[in-house]
Each structure stands twice: as C-alpha cells, then as structure tokens.
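2 protein chains.
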Amino acid sequence: MTFRLKADYATVVKLSGSWMPNPYGDTIDMTRGENNVWSVKIALPSPEIYTYNFVVDGVAVNDPQNVLVQRDGTRYLPMLLVPGERTENYGEAVSRHGTVSHPWYDSKILGMSRRLTVYTPYGYEASPKKKYPVLYLLHGAGGDEEAWISMGRTAQILDNLIEKGLAEPMIVVMPNGNPGQAAARTLNIPEKQMNWRAPENQNAYVRSLCEEIVPFIEKNFRAIAKPEARAIAGLSMGGGHTITASILYPQLFDYICPLSAAGSATPEQIAALKKAGVKLYFLACGDTDFLFEGSQALDKTLTEQGLDHIFFVSDGGHVWSNWRLYLNTFAQKLFK
Amino acid sequence: MTFRLKADYATVVKLSGSWMPNPYGDTIDMTRGENNVWSVKIALPSPEIYTYNFVVDGVAVNDPQNVLVQRDGTRYLPMLLVPGERTENYGEAVSRHGTVSHPWYDSKILGMSRRLTVYTPYGYEASPKKKYPVLYLLHGAGGDEEAWISMGRTAQILDNLIEKGLAEPMIVVMPNGNPGQAAARTLNIPEKQMNWRAPENQNAYVRSLCEEIVPFIEKNFRAIAKPEARAIAGLSMGGGHTITASILYPQLFDYICPLSAAGSATPEQIAALKKAGVKLYFLACGDTDFLFEGSQALDKTLTEQGLDHIFFVSDGGHVWSNWRLYLNTFAQKLFK
Chain A
1 MTFRLKADYA TVVKLSGSWM PNPYGDTIDM TRGENNVWSV KIALPSPEIY TYNFVVDGVA
61 VNDPQNVLVQ RDGTRYLPML LVPGERTENY GEAVSRHGTV SHPWYDSKIL GMSRRLTVYT
121 PYGYEASPKK KYPVLYLLHG AGGDEEAWIS MGRTAQILDN LIEKGLAEPM IVVMPNGNPG
181 QAAARTLNIP EKQMNWRAPE NQNAYVRSLC EEIVPFIEKN FRAIAKPEAR AIAGLSMGGG
241 HTITASILYP QLFDYICPLS AAGSATPEQI AALKKAGVKL YFLACGDTDF LFEGSQALDK
301 TLTEQGLDHI FFVSDGGHVW SNWRLYLNTF AQKLFK
Chain B
1 MTFRLKADYA TVVKLSGSWM PNPYGDTIDM TRGENNVWSV KIALPSPEIY TYNFVVDGVA
61 VNDPQNVLVQ RDGTRYLPML LVPGERTENY GEAVSRHGTV SHPWYDSKIL GMSRRLTVYT
121 PYGYEASPKK KYPVLYLLHG AGGDEEAWIS MGRTAQILDN LIEKGLAEPM IVVMPNGNPG
181 QAAARTLNIP EKQMNWRAPE NQNAYVRSLC EEIVPFIEKN FRAIAKPEAR AIAGLSMGGG
241 HTITASILYP QLFDYICPLS AAGSATPEQI AALKKAGVKL YFLACGDTDF LFEGSQALDK
301 TLTEQGLDHI FFVSDGGHVW SNWRLYLNTF AQKLFK
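Same order as they appear, the protein sequences are chains A and B.
Take 1 as the starting number for the first sequence in the working numbering and just add one per residue.
Take 1 as the starting number for the second sequence in the working numbering and just add one per residue.
Be a bit skeptical, because a hint or two may be false.
Claimed, not checked - Under 10 Å between C-beta atoms, here's a sample of chain A residues computed to sit facing chain B: (1) Arg4; (2) Ile42; (3) Val69; (4) Gly91; (5) Ser95; (6) Lys219.
What the hints assert, rightly or not - In silico DSS-like cross-links for lysine-lysine, where the CA-CA straight-line distance does not exceed 30 Å: (7) Lys6(B) <-> Lys6(A); (8) Lys164(B) <-> Lys108(A); (9) Lys108(A) <-> Lys129(B); (10) Lys226(A) <-> Lys129(B); (11) Lys131(A) <-> Lys219(B); (12) Lys279(B) <-> Lys300(B); (13) Lys219(A) <-> Lys219(B); (14) Lys129(A) <-> Lys279(B); (15) Lys300(A) <-> Lys275(A); (16) Lys131(B) <-> Lys130(A).
Hints were generated in silico from the structure; no laboratory data involved.
The beta carbon of each residue, even a glycine, is placed where N, CA and C say it ideally should be.
Just chain A, with the same shape it has in the complex (with noise of 0.2 Å):
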C-alpha cells in the first residue's frame, strides 16, 4: 500500500508506523513527487489495527486524508485496520450493534463525580425485561474510561462475538481508572479530591470500583446482580486492579482476568480468593513483555495453590494487538 502526503516546503518527510521493528524509533523515508506530494509504497503488514503518522523536519503529523483516528492517551494517531482472521472481529459488525453510552457515578470516596463507558449489548433496549451479566474492563496507566473503545475496539469485538454466537450477550463497564480524574478530555472539573496519593489510599480507586461503581451499575443497568455475572478484566496497571480487586473482594467476581498484568498475589491471597470460587481465571501475558515475568511467577502460585487457570501466553510485548486478542479470546469463556 502507498502512504501519500502533500507538503510543499519539507526538506526531510519519512513515515511512521506500528508495525515497524521499532515502533518508537524506526522510520522510512518517503519521496517527493509530482505536486510536492510525497509517498512510499510498503508490503502490507500482517492482519492487525496500526497506527501510524508522517514525520515532516523532525515533526509529527496525521494523516489528513484518514477520518479514522485513535487516540492513546496524550497522542492521536491515524489507523490502520489490515483485514483477515486476527482483525475479522475488530471492524463493524454486520447488522447488530450494542449501544456505548457514558454515564457519570457520584463517588464519595474519590470526592467527585467521574465519567464511565458502557457498551451494553444489541437488543438491551428492545427487551426491558431482560438481565444481563457485567465485564469490568480496566484500562493501563495512560489511559483513561475511553481506551479500551478506542484502542481496544471493544464494542466491534462484543458486536462480532455476540452475533456470531460465540459469546454471551453482557454488559462491559469501562471505568476511569485514575483517581484524580473525573473523565478524560474534559474542562474546568472541580478539584476537590481526596488525597489519593496517600499511602493509607492506594487502594482507593479499586474500592470505589467495587464499592461504588458496581452497585451504581447494578442499580441503573438490567444486570444480574451475582458473582457468577461479574467478570473483571484488566490490562497493566488495571491488571493490577484485577488482582488487588480479587483479593480485596474475593466474593464479588467469579470471573477474573488479569492481563499483561503489574501486580502480584501471595499464595495465601490465592488460597482465600480459590475458598471464595472462581470460575475462570485467565492469566495472559505476551512472552516479550516486560511483564511477563511477572505473570509467570503469578502462574505458578495459581498452580501451587490449585487454583484451576488459564495462562494463556502469546508473542509480542505490552502492546494493545495483545490485549484486542485477550478480549477476543476470553470474552468467548465468560458466563457459560
């Protein structure tokens, strides 16, 4: 495929991509042509969501011929969705969708009101009788309540797997997982938090998770309101969520998902959450990433502890085509 962009006065335009070895470093260089519009032709990379994004004299810049742009904290960035099996969940689904909505919970123990995200599935509103079951999906330290719709294509993954029979029709709560936010992209929120930087508060987050956040969804939402129709799920900093959650509430979830995660358990931690019953627990790290370590040692305690899991180990490193293939792959186990 051939990348194109016009810039009349440029000394030096290359191209940036994810799917190069080095993400963060490696570039190509692109030509000037006719019309000072410059270009280069690369071998489409393997079926995966990219992003990537020119570089003119040193300078990042997006693509202004592509609408489609996801946003990963900070950083903007042009898409790239290669189709075959690895991404034929990730566009849209072909009739049904879930609706994402993003209500706001008053929480008392962060001393605000914050926003979250929830996809709730195709036919919710068309059967108000109905119940469903609940995934709390966490995002990483970075990102924010709307990662994992945008990066993680949450809602075309639930859309796919649910119209084609292969997972059960759920709610998924997206949480802001930084307590001194109250949603991302936002103006002028009120600043009078608690401290949560406070040792005595560093759970404080995960407490209004399952304090708050779950009662208001099992108050405002049809959901069934049992641990065996409550998943949690995490990547990096809210696979440490996961972990601490479990521990902390070890009755509350019986669906447990740690991802490339940054926390830890001890076997006496493992032991109490396999008294409370589990269901599922899918542990899944890449085997390159920084974490991975980590997550074996995490394995092993599961094992010691006979807790009956899943560690489910894949290439590559901390990296959101992992997670998409995490969510693709456990959401199919949830609630059966």
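For chain A, the structure is supplied; the task is to place chain B on it using the hints.
Okay, now just chain B, sitting in the frame of chain A:
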C-alpha cells in the same frame, strides 16, 4: 498566552487560529528559541471556543501538548476555550452531568443500521418513571452525528442550563444527516443502500428522521410522545432539514429552530404550518453569513403569514461560535 512547539529541523513554523480575521488563510510567524522550541505570544482573544494548529514548513501540525481536540468533519483540531460570560456554559457543569449514548436504529427507508447520538439529562437513570421532552438537533453538510457533541458542546450547554434551572430537563437526539453514511468514523459498513441520490428520494433522510428515528426514540427512551414535547433544530443543511420536516410533517413538532439555514418555505407552506400550530419558531442567522438573505426572506414570509416567531440575528457568519450561541439561547425557550 504563548503557543509552543518543539521542531528541531523546521525552517518556518507558523500559528493558525480560528480567532484570526481570516481563519482559513491568516497565520502568525513563530520564533525559534532554545532547544528548537518555537513560540509566539498572542493577546488572549475574546471569550469563545477556538481551534488552532501549527504550520511546519507548510504542513498542518496539531499540538502534542493539548489533549482537547475537536473533530470537524475529517479534520482533528486542538481546541482553546477562553473563559468568560459567552463561554460559561461550554465547560463541564459543576456536578450534574447527563449521559451521552450512541444507540443504533434500523432504517428501512435508508436500508441500513445507523448510529445516533443521544443526550439524556442528569437524573434520567434515577427517575425511572419520569418522561422527558425531546429536541432533535441536526448537523450541517460535512458533519455527522458527533458534530453537535464535539464542536457544538451540546452536553455541556444542556448540563449547565439544566443545572442552573434555565432549561427544562430534556433528551437531545443528534442523528446522522448524511443518507449514505451509517455512522461517523466506522469501518466496513455494508453497502446495501437505497439510491438516495435519485430525485424521488431527495427527502429520504427527513422521512427516516420523522418516520423512523422519532418512533425509535419514543419507544426506547422515556420520551413524551406529543407535539408539544418535540422540538427540531438544525444548522445549515440541518436547518434545511428542519424546514423540510416542519413542512412535510406539520403536526409533529411544536418547536422549530432553523439556524443559519440552507432552506426556504413558500407562503402556502408557512400558512399550513401556522394552521397546524407552533409554540416557538426560532430563526437564527449571523449578519455576515452567506445564507443571511435566505433567513431574511424566511423571516419576511413568516411575518407576512402572521406566524409569531423570533428572528435572532447575531454578529458573524457560518461558524460554530454562532451555533453554540443559538443552542444556548433557544434551549432556554423550549417546552415552557
């Protein structure tokens, strides 16, 4: 205020901003400083929401330090809110926030599943028996179902007006007015559309709005299904849709607000509308808008036919600063 951009190898760096006399051509030169950080200091423009970008060796570059980005059609632009009386309702409300959701409706008329943006006011979830009036709010050419939420600040304006007791709690429905588009920023939507370009289908979208979207909303949301609880407003092309809907379905909406409208009505059509009954006809346009003469003509027809109305004339042209002002103004007059 000072704008800054690090650009190590650039030759010329400029600033472009929507507050400049000619927003599409004017730029200000920036100066290279220490560590190749280019900067320029400007006098703070008058209170309003602006967009801006850098121009590096002739190429538009966004501000990597600004996470507040608005999308206008295919362009993503960093946003600048200058505080003041004019903008006091454009930032987040103090504590009461409505919910923005993105449900899909099935359009038999347009032959596809299509996405809407829906705002429900604070308290909607907590008051499961309360019903609300509905404003249908339509975008212009080049826009889509995200335009009013992004550029228009609809959620913030309604949150603030309702929190201050200046507007009735209401649902706001923002459809996608492009009959060939299922939704903004989506991949691989099926292409089994009707031929909406055919002359006999010229009002297909307005028909879908009145015959499909209104019933969808009144079935799936707690909406008051009466003309006195329905308002329609739209800007530019959406102002034309507003006028067309009021003519084709004179019984449907009691509140009609064409904004900088691309559309017209005959004396006979206005006479029929008057007969059907209208509680508010709010016509708005900027005095330098290229469509101002059309609004003056419509004002004249409304006066001649004795249809009581407001002709709200603002400074300026065909721009979002005016459409935010109009929404902030007419929303206070609805359903009272």
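Going through the hints against the structure:
1. Arg4: 13 Å, violated
2. Ile42: 20 Å, violated
3. Val69: Check passed: Cβ of Val69(A) comes within 6 Å of chain B, closer than 10 Å.
4. Gly91: 4 Å, holds
5. Ser95: Result: holds, 5 Å to nearest chain B Cβ.
6. Lys219: At about 8 Å, which falls below the 10 Å cut-off, the nearest Cβ of chain B leaves the hint on Lys219(A) intact, so it holds.
7. Lys6(B) <-> Lys6(A): Since the Cα atoms of Lys6(B) and Lys6(A) sit roughly 22 Å apart, the hinted pair holds (cutoff 30 Å).
8. Lys164(B) <-> Lys108(A): 23 Å, holds
9. Lys108(A) <-> Lys129(B): Holds: Lys108(A) and Lys129(B) sit about 26 Å apart, inside 30 Å.
10. Lys226(A) <-> Lys129(B): 26 Å, holds
11. Lys131(A) <-> Lys219(B): The hint holds at about 19 Å.
12. Lys279(B) <-> Lys300(B): The given pair, whose Cα atoms are some 19 Å apart, holds under the 30 Å limit.
13. Lys219(A) <-> Lys219(B): 22 Å, holds
14. Lys129(A) <-> Lys279(B): 37 Å, violated
15. Lys300(A) <-> Lys275(A): 18 Å, holds
16. Lys131(B) <-> Lys130(A): 21 Å, holds
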